[in-house]
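Q: Chains as they are written, first to last, in the numbering used here: chain A, 1 to 208; chain B, 1 to 208.
If you're looking for bench data, these hints aren't it; they were derived computationally from the structure. Where hints are given, some of them may not hold.
For identical chains, the list gives no copy identity; a pair is met inside one copy or between any two copies.
Claimed, not checked - The calculated lysine to aspartate or glutamate pairs, modelled on DMTMM-like cross-linking and capped at a C-alpha distance of 25 Å, are:
1) Lys204 <-> Glu163
2) Lys31 <-> Asp184
3) Lys83 <-> Asp39
4) Lys10 <-> Asp181
5) Lys187 <-> Asp124
6) Lys161 <-> Asp105
7) Lys204 <-> Glu137
8) Lys119 <-> Glu55
9) Lys10 <-> Glu137
10) Lys31 <-> Asp60
11) Lys150 <-> Asp181
12) Lys119 <-> Glu137
These numbers were taken from a predicted model, which means no experiment stands behind them.
Number of protein chains: 2
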Amino acid sequence: MKKAKAVPAKSQGVIIIVSAPSGAGKTTLIKRLMQAFPDMRLSVSYTTRPPRVGEVPGKDYHFVDVERFRRMRARGEFAEWAKVHGRFYGTPRRPLERSVRGGCDVLLDIDVQGSRKIKGGYPDAVSVFLLPPSLRELERRLSERKTDGKEVIRQRLDNAKRELGEIARYDYYVLNLKIGDALDALKAIVVAERHRVSRVQRWKPLSP
Amino acid sequence: MKKAKAVPAKSQGVIIIVSAPSGAGKTTLIKRLMQAFPDMRLSVSYTTRPPRVGEVPGKDYHFVDVERFRRMRARGEFAEWAKVHGRFYGTPRRPLERSVRGGCDVLLDIDVQGSRKIKGGYPDAVSVFLLPPSLRELERRLSERKTDGKEVIRQRLDNAKRELGEIARYDYYVLNLKIGDALDALKAIVVAERHRVSRVQRWKPLSP
Chain A
1 MKKAKAVPAK SQGVIIIVSA PSGAGKTTLI KRLMQAFPDM RLSVSYTTRP PRVGEVPGKD
61 YHFVDVERFR RMRARGEFAE WAKVHGRFYG TPRRPLERSV RGGCDVLLDI DVQGSRKIKG
121 GYPDAVSVFL LPPSLRELER RLSERKTDGK EVIRQRLDNA KRELGEIARY DYYVLNLKIG
181 DALDALKAIV VAERHRVSRV QRWKPLSP
Chain B
1 MKKAKAVPAK SQGVIIIVSA PSGAGKTTLI KRLMQAFPDM RLSVSYTTRP PRVGEVPGKD
61 YHFVDVERFR RMRARGEFAE WAKVHGRFYG TPRRPLERSV RGGCDVLLDI DVQGSRKIKG
121 GYPDAVSVFL LPPSLRELER RLSERKTDGK EVIRQRLDNA KRELGEIARY DYYVLNLKIG
181 DALDALKAIV VAERHRVSRV QRWKPLSP
């Protein structure tokens, strides 16, 4: 009788994409998720936009100039990149692939077009769309930030509405009515995806 | 601008298949899962085997004679059926489809061949393979039951080893080292699958 190989001995990490219209509560939710799963890595994007007040280089973003971004892009160092509101954003490829191969989950905080590109290059990636409770709440949260002018807020609201139409491209949705419930749903998605048979790279026989 | 349809208004229930070699702890785990999710339905199979001590007709199984089983099968009333250890087993189609359409999750406690047939007919069904902690533990649990003779136990152990080789056909695996951990994993799989975009049949616009 052939040996039953039934215990996962080595598994790939999960790439988890979380997208949301700005103001949906994504930043808080991701922060809470990272606290709940300390072994999960958060991908740090490169961007050509200037740092906002309080942002830490290397933690929130790698801030680079357009020249450097273009050079990295030419060398294929981005798993995905995009130009949003006139600025470049890119997900570095190497830390992403190293983590996944090592069995570490990686969270990507990227937008709809970024998600599409990642899913193209990494079909096992899992995408989650976070839904705001309402448009009014979305507007309120955007206005509260005070970092953006009226015109930027309107632009972001329009973007939000357009992005919501893209939800069919995502694997999962999470409705952010209460942050605790949204967090539980997101955690369940991560835990479930860690139990996917397709991520197991090596099985070992069940011990006698 | 098109109306963003962003709140799930109607979703299909999830069909969850749980398979395991006998002795893996499936019955206990399923019982605990049903307690955790009172709105989930457990599919009750038809069988031609006689009831064991303590089994309740209509709850554990619908016990029928071979004649009746064959008639039901001829009328296409089974979503899947199989002959195992010389007895017929079948999953009734109507309650399954009614629950799923109504947005209710249904759990199917079926074996490897049943799982394959259900996935063929219902591609959105989710299959979970429960792994026993070890072969020795498996044997110990089978022996403890006292309902089965030595020959039956040996046959079930052989079946178990064969079934473990089929795990690649499953979506998820759950290793049953501790019942609490296995339950958490199974619950996460159910919760995650409830958040699948593909199960949403109707979206309504985000309120203003």
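Q: If a hint holds in the structure, say so; if it does not, say that too.
A: To see whether the hints hold, each was checked on the structure:
1. Lys204 <-> Glu163: between (44 Å within a copy, 15 Å between copies)
2. Lys31 <-> Asp184: Both, since 13 Å and 22 Å are each at most 25 Å.
3. Lys83 <-> Asp39: neither (30 Å within a copy, 46 Å between copies)
4. Lys10 <-> Asp181: Answer is between: at 19 Å across copies they meet the 25 Å cutoff, but 31 Å inside does not.
5. Lys187 <-> Asp124: both (18 Å within a copy, 22 Å between copies)
6. Lys161 <-> Asp105: Neither: 30 Å inside a chain and 31 Å across chains, both beyond 25 Å.
7. Lys204 <-> Glu137: Between copies only: 17 Å across, 50 Å inside.
8. Lys119 <-> Glu55: neither (28 Å within a copy, 48 Å between copies)
9. Lys10 <-> Glu137: Between copies only: 23 Å across chains, 44 Å inside a chain, cut-off 25 Å.
10. Lys31 <-> Asp60: within (11 Å within a copy, 45 Å between copies)
11. Lys150 <-> Asp181: Neither: 31 Å inside a chain and 49 Å across chains, both beyond 25 Å.
12. Lys119 <-> Glu137: Cα proximity of Lys119 and Glu137: none, with 30 Å in one copy and 41 Å across.
The structure does not agree with the numbered hints 3, 6, 8, 11, 12 stated previously, though it agrees with the rest.
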